[in-house]
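Asker: With the sequences and hints as input, model every part of the structure.
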Amino acid sequence: MKAIVTGASSGIGRAIGQRLLSANWEVVGLARDFAKCPCDDARFTAHPVDLANLDRLPKELQALTAAHPQIDALICSAGAGRFGDLEQFSYDQIRRLVDLDFTSSAFIARAYLPSMKRNRAGHLLFIGSEAALKGSQKGSIYCAAKFALRGFSQALREECARTGIRVTLVNPGMVLTPFFDELDFRPGEDPDNYILPEDVADLVLGALNARTGTVLEEINLSPQKRVVEFGPKKKN
Numbered sequence: 001m002k003a004i005v006t007g008a009s010s011g012i013g014r015a016i017g018q019r020l021l022s023a024n025w026e027v028v029g030l031a032r033d034f035a036k037c038p039c040d041d042a043r044f045t046a047h048p049v050d051l052a053n054l055d056r057l058p059k060e061l062q063a064l065t066a067a068h069p070q071i072d073a074l075i076c077s078a079g080a081g082r083f084g085d086l087e088q089f090s091y092d093q094i095r096r097l098v099d100l101d102f103t104s105s106a107f108i109a110r111a112y113l114p115s116m117k118r119n120r121a122g123h124l125l126f127i128g129s130e131a132a133l134k135g136s137q138k139g140s141i142y143c144a145a146k147f148a149l150r151g152f153s154q155a156l157r158e159e160c161a162r163t164g165i166r167v168t169l170v171n172p173g174m175v176l177t178p179f180f181d182e183l184d185f186r187p188g189e190d191p192d193n194y195i196l197p198e199d200v201a202d203l204v205l206g207a208l209n210a211r212t213g214t215v216l217e218e219i220n221l222s223p224q225k226r227v228v229e230f231g232p233k234k235k236n
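Numbering (my numbering), first residue to last: 1 to 236.
Simulated from the structure, these hints should not be mistaken for lab results. One thing to keep in mind: the hints can contain errors.
Below, simulated SDA-like cross-link-like pairs (lysine to any residue); rule was C-alpha separation at most 20 Å, straight line [stated by the list, open to error]:
1. Lys138 with Val228
2. Lys225 with Arg150
3. Lys2 with Leu113
4. Lys36 with Leu176
5. Lys138 with Ala109
6. Lys59 with Lys138
7. Lys225 with Arg186
8. Lys117 with Gly84
9. Lys225 with Gly188
10. Lys36 with Glu182
11. Lys2 with Thr212
12. Lys117 with Arg162
13. Lys138 with Leu86
14. Lys138 with Arg186
15. Lys117 with Leu176
16. Lys138 with Gly84
17. Lys138 with Gln62
As the structure is a prediction and not an experimental result, all values here were calculated from the model.
Answerer: Below you can see the structure in the form of structure tokens.
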């Protein structure tokens, strides 16, 4: 079995890649930079790419599909967070956030959907967010991108049902990852205040292993207690 995982250099994407490797999958990881997280597993292939650069992405995807024409699963996990009042965003910041958090996933799915439909098999799995369920203060652009990803996955589910392709959306709450390193808030320190990326990875593998003919369409995953801390990140 072979999967493409975006955002594979850190956080949820990296945990998913490692979990799939432990289950004997081949993994093609997409990310901007793998220097900080090299993987020497022979079944892992690193494919550096800037998913937010939509002008170059079609050419990059052409090379990717040529090198890896047949896959069993496409897992879109790449994303970033930026929060604030709308007027605090530059036009370029709005575009890059939406390009990375939504449009890049649509591009990659577009690249692989024809071969999946021809084979009448495959799994499209998108890592969304609890921000796709309810708009929040200072989250206008991030929520909009995640709402778009949710609608996209729901529409693809209807489009692909007759072709044997499964579509799953996972909406995690606050996950303890480097996502929060550049933000002024984060989950609380107690273990029941956050989700671990390995929790998401285990859930993804469960969705991939579901019986043929059964689809886990949308999964919401939350910490036991919703605690948010604000202010500069504490230094260890």
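Asker: Straight-line Cα separation of Lys138 and Val228 no greater than 20 Å?
Answerer: Roughly 14 Å between the alpha carbons, so the hint for Lys138 and Val228 holds.
Asker: Taking 20 Å as the top limit, are the C-alpha atoms of Lys138 and Gly84 close enough?
Answerer: holds (4 Å)
Asker: Lys225 and Arg186: Cα distance at most 20 Å?
Answerer: Given that 20 Å is the threshold and the Cα spacing comes to 13 Å, the pair holds.
Asker: Going straight from one Cα to the other, do Lys225 and Arg150 come out at no more than 20 Å?
Answerer: Measuring from Cα to Cα gives roughly 24 Å; hence the hint is violated.
Asker: Are the Cα positions of Lys138 and Gln62 separated by 20 Å at most?
Answerer: violated (37 Å)
Asker: For Lys138 and Arg186, compute the direct alpha-carbon distance and say whether it is at most 20 Å.
Answerer: Distance of about 14 Å is within 20 Å: holds.
Asker: Check the hint pairing Lys36 with Leu176 against an upper bound of 20 Å on the C-alpha distance.
Answerer: holds (18 Å)
Asker: Given the hinted pair Lys36 and Glu182, is their Cα-Cα distance within 20 Å?
Answerer: Distance of about 17 Å is within 20 Å: holds.
Asker: Take the C-alpha atoms of Lys117 and Leu176, compute the straight-line distance between them, and say whether it is at most 20 Å.
Answerer: violated (36 Å)
Asker: Between Lys2 and Thr212, does the CA-CA distance stay at or below 20 Å?
Answerer: holds (17 Å)
Asker: Straight-line Cα separation of Lys117 and Gly84 no greater than 20 Å?
Answerer: Violated - the C-alpha atoms of Gly84 and Lys117 are around 40 Å apart, more than 20 Å.
Asker: Straight-line Cα separation of Lys59 and Lys138 no greater than 20 Å?
Answerer: It is violated: about 34 Å lies between the C-alpha atoms, which goes past 20 Å.
Checked against the numbered hints above, the structure breaks hints 2, 5, 6, 8, 15, 17 and satisfies the rest.
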